[in-house]
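Undergrad: If you read the sequences in order, they're chains G and E. Under our numbering, the first residue of the first sequence carries the number 27, and numbering increases by one thereafter. Under our numbering, the first residue of the second sequence carries the number 27, and numbering increases by one thereafter.
Hints are supplied without guarantee of correctness; some may be wrong.
Identical chains share a label here; the pair holds if one copy fits it or two copies do between them.
What the hints assert, rightly or not - In silico lysine to aspartate or glutamate, EDC-like type, Cα no more than 20 Å apart, as pairs:
| hint | residue 1 | residue 2 |
| --- | --- | --- |
| 1 | K63 | D355 |
| 2 | K63 | D107 |
| 3 | K437 | E379 |
| 4 | K333 | D416 |
| 5 | K445 | D112 |
| 6 | K314 | D383 |
| 7 | K275 | D110 |
| 8 | K333 | D129 |
Hints are computed from structural coordinates only; laboratory data are not their basis. Note that the coordinates shown come from a computational prediction; the quantities given were computed from them, not determined experimentally.
2 protein chains.
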Amino acid sequence: MPQNALYAQSGGVTAVINASAWGVIEAVRAHPAHFGKIYAARDGILGVLREEIIDLDQEDPLTLAALRHTPGGAFGSCRFDLGDPDQDPEQYERLVEVFRAHDIGTFFYNGGGGSMDTALKIARMGDRMGFPIKAIGVPKTIDNDLAVTDSSPGFGSAAKFIATVVREASLDVESMHTSSTKVFVLEVMGRHAGWLAAAAALAQEFDGQPPMLILFAETLFDQDDFLEHLNRTIERHGYCVVVVSEGLKNPDGTLFSVAQSHDVYAYTQLGGAAPRLAELIREQTGHKLHWAVVDYIQRSARHIASKVDVEQAYACGRAAVEGVVAGEDAFMPIIRRDSNDPYRWSIGFTPLETVADVEQGMPREYITPDGYGITQAARDYLRPLIQGEDAPPFDQGLPCYPRIRGELLPKRCPPFEVKTD
Amino acid sequence: MPQNALYAQSGGVTAVINASAWGVIEAVRAHPAHFGKIYAARDGILGVLREEIIDLDQEDPLTLAALRHTPGGAFGSCRFDLGDPDQDPEQYERLVEVFRAHDIGTFFYNGGGGSMDTALKIARMGDRMGFPIKAIGVPKTIDNDLAVTDSSPGFGSAAKFIATVVREASLDVESMHTSSTKVFVLEVMGRHAGWLAAAAALAQEFDGQPPMLILFAETLFDQDDFLEHLNRTIERHGYCVVVVSEGLKNPDGTLFSVAQSHDVYAYTQLGGAAPRLAELIREQTGHKLHWAVVDYIQRSARHIASKVDVEQAYACGRAAVEGVVAGEDAFMPIIRRDSNDPYRWSIGFTPLETVADVEQGMPREYITPDGYGITQAARDYLRPLIQGEDAPPFDQGLPCYPRIRGELLPKRCPPFEVKTD
Numbered sequence: 027m028p029q030n031a032l033y034a035q036s037g038g039v040t041a042v043i044n045a046s047a048w049g050v051i052e053a054v055r056a057h058p059a060h061f062g063k064i065y066a067a068r069d070g071i072l073g074v075l076r077e078e079i080i081d082l083d084q085e086d087p088l089t090l091a092a093l094r095h096t097p098g099g100a101f102g103s104c105r106f107d108l109g110d111p112d113q114d115p116e117q118y119e120r121l122v123e124v125f126r127a128h129d130i131g132t133f134f135y136n137g138g139g140g141s142m143d144t145a146l147k148i149a150r151m152g153d154r155m156g157f158p159i160k161a162i163g164v165p166k167t168i169d170n171d172l173a174v175t176d177s178s179p180g181f182g183s184a185a186k187f188i189a190t191v192v193r194e195a196s197l198d199v200e201s202m203h204t205s206s207t208k209v210f211v212l213e214v215m216g217r218h219a220g221w222l223a224a225a226a227a228l229a230q231e232f233d234g235q236p237p238m239l240i241l242f243a244e245t246l247f248d249q250d251d252f253l254e255h256l257n258r259t260i261e262r263h264g265y266c267v268v269v270v271s272e273g274l275k276n277p278d279g280t281l282f283s284v285a286q287s288h289d290v291y292a293y294t295q296l297g298g299a300a301p302r303l304a305e306l307i308r309e310q311t312g313h314k315l316h317w318a319v320v321d322y323i324q325r326s327a328r329h330i331a332s333k334v335d336v337e338q339a340y341a342c343g344r345a346a347v348e349g350v351v352a353g354e355d356a357f358m359p360i361i362r363r364d365s366n367d368p369y370r371w372s373i374g375f376t377p378l379e380t381v382a383d384v385e386q387g388m389p390r391e392y393i394t395p396d397g398y399g400i401t402q403a404a405r406d407y408l409r410p411l412i413q414g415e416d417a418p419p420f421d422q423g424l425p426c427y428p429r430i431r432g433e434l435l436p437k438r439c440p441p442f443e444v445k446t447d
Numbered sequence: 027m028p029q030n031a032l033y034a035q036s037g038g039v040t041a042v043i044n045a046s047a048w049g050v051i052e053a054v055r056a057h058p059a060h061f062g063k064i065y066a067a068r069d070g071i072l073g074v075l076r077e078e079i080i081d082l083d084q085e086d087p088l089t090l091a092a093l094r095h096t097p098g099g100a101f102g103s104c105r106f107d108l109g110d111p112d113q114d115p116e117q118y119e120r121l122v123e124v125f126r127a128h129d130i131g132t133f134f135y136n137g138g139g140g141s142m143d144t145a146l147k148i149a150r151m152g153d154r155m156g157f158p159i160k161a162i163g164v165p166k167t168i169d170n171d172l173a174v175t176d177s178s179p180g181f182g183s184a185a186k187f188i189a190t191v192v193r194e195a196s197l198d199v200e201s202m203h204t205s206s207t208k209v210f211v212l213e214v215m216g217r218h219a220g221w222l223a224a225a226a227a228l229a230q231e232f233d234g235q236p237p238m239l240i241l242f243a244e245t246l247f248d249q250d251d252f253l254e255h256l257n258r259t260i261e262r263h264g265y266c267v268v269v270v271s272e273g274l275k276n277p278d279g280t281l282f283s284v285a286q287s288h289d290v291y292a293y294t295q296l297g298g299a300a301p302r303l304a305e306l307i308r309e310q311t312g313h314k315l316h317w318a319v320v321d322y323i324q325r326s327a328r329h330i331a332s333k334v335d336v337e338q339a340y341a342c343g344r345a346a347v348e349g350v351v352a353g354e355d356a357f358m359p360i361i362r363r364d365s366n367d368p369y370r371w372s373i374g375f376t377p378l379e380t381v382a383d384v385e386q387g388m389p390r391e392y393i394t395p396d397g398y399g400i401t402q403a404a405r406d407y408l409r410p411l412i413q414g415e416d417a418p419p420f421d422q423g424l425p426c427y428p429r430i431r432g433e434l435l436p437k438r439c440p441p442f443e444v445k446t447d
């Protein structure tokens, strides 16, 4: 009997991570000679440590197929890193205990760079612990900061949502600007890389509108220079859209969104780059403004997912399985850009070592010399990733996202306490 | 020769106000015996006072037809109220001067309760000034607070967007809650009425998820009671979605979003009910949380507009014209709910007097006794308004929203300065 396969989700989830899950599930089932059952761990690696394992054979097949269009992490995700094998051997002993108890031969971990490090640790654990297990990464991150791969599943859909709502909200601001709001500030995610902020500029592709200034995570915020650009834009166009990365930095490299402790106001203000920037603009220019923070909404907006992104997420899930069938181990599927116009892509593999805990920033040459926009090269890179629509089914006016039952396998191992601090 | 018609947009714009514009334009052109040309004022009544009038015959017919699926106010809107006719007679003299110069016989004003007051003043002005003009209101507001009409065009689409993103973001929070975020706070619009916050509860229609607490604009915020409900929800479900109206009130009736001036911190914090609430929850419970503010995005989200809303907005525009053809004056089309299940609606008329400067709040019986949810009656009222999808055309991965050229008619009147303070 072939050994079973276990799939788990890790880190911040996306609009399409479940499409990867479905790709893995479908492909495992397509290879009964290589795999026994397909299980899913609840809440990522935590579910393995806790022996919380879902038997997907117990789920409604229609619900599983609906994973392709359901946002969030259907099996639960986690923010948890495995310790160093020398420092925390008991974690690894526990993993082997659980893998052995449920005859798991392959582990698929769907996440970003940090999760690839977890997958790598598990891949390396096998020999050491006398329980060989294949560990495969499946790429996912809205931050688009995974190395080697041309883009990361999850990013394209978040980018499409951001570009769409920027185009729409800009029309709103433009309508109001002569007697009301002149500045609209939108905060998007991206602690370290400005990819999502850059995607906002795609809103300009149709007719060069709206006038926009982008403050990237890569930028050290120069207040005077920014206000000068803002005032000049408003003079010329009457209004301005400002897109700010949550990761915008102060000149000293600290996060802009966290107010400095102040001699007079001995308190720390809650983060939020947009409200802080809005306050600054209002104080310094007096312009009427509105601001928005899309937060989780941008990474779960499956209703406006990019078709390219959905297909790539699904393909990465399938390829992870097919790589195992072909005899590979300790790899992550990557997306290759075979041609840009027309956009053609294919799937390749990269060793987990090349992506584990590596962060791939946005190239400096993607930012215009003034620091507030993106170059044509950036547009050429980004545009293909948001192409195509892939609407979920709607019922009663809303997208229909079935929830898995998630019944756990009976436990076979003793309890184990995970320290999550 | 019949006199010309003039259309203008007023107040905060919506995802479907341009569908009403297209309804007016198409219907006026369908009645050449009753109307000459159809014009649009730039930036609402301000454009009339400034004699900034767009000849729609100069626009590309395809661009005009695309108004049906384009958000924002295509002709520009304004926040401006006409003065009292006795105090500001020169404003009314100016209106007559411009109407006369361009032979305007009918004025259509597309807005909310305040704009209906402007329309009413213009309707009454005619006799007084010796220049009879028909003034017709066309309803619009995402706040759903217009009187007499069963619902307001613009509300259904904003409600559909909110319910959709709440459903999606909730799946995200649910995925993360065991090791990360347990509370997601979303701020929606609504200074005086909690209609938009109530719409978030439609996200629960599919399977009773997610666990949610709503803080309505009608609510006086009871911090202890709220935190108790929050903790209980998290104990039971592991996480909680909190939806807060921007108009949430402190126990003393002041706005929650504006921090009270403080003895120590002699400053006023910028508004934002969500970040304030997030700070409070973090301080008092220690739960990890995320927050979002959708602001203009919720009222311009044409990509996920309600089909019912689009059709009603368009029908109200057409009906405004058809009422004039039938001999009516000084009225506003209203939406009547003829049956709830199945939902059937028709268009009626109401005199401007009945809607001018009237605000229709949410009935108290739509809020559950504990104050944090909506009743079945509210669900039955809200559900039909978000039904159906009406996606705009997409190009290059993004919705395609053509912009009108907006070339102004040559001026025939002397300049006039409008005091907008």
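Undergrad: Are the hints correct? Go through all of them and say.
TA: Against the structure, the hints come out as follows:
1. K63 to D355: within (19 Å within a copy, 72 Å between copies)
2. K63 to D107: neither (26 Å within a copy, 69 Å between copies)
3. K437 to E379: neither (33 Å within a copy, 70 Å between copies)
4. K333 to D416: both (5 Å within a copy, 18 Å between copies)
5. K445 to D112: For K445 and D112, only the intra-copy Cα distance (17 Å) is at most 20 Å; the inter-copy one is 75 Å.
6. K314 to D383: Cα proximity of K314 and D383: none, with 43 Å in one copy and 24 Å across.
7. K275 to D110: So K275 and D110 fail the 20 Å test inside a copy (31 Å) and across (50 Å) alike.
8. K333 to D129: Cα proximity of K333 and D129: none, with 36 Å in one copy and 51 Å across.
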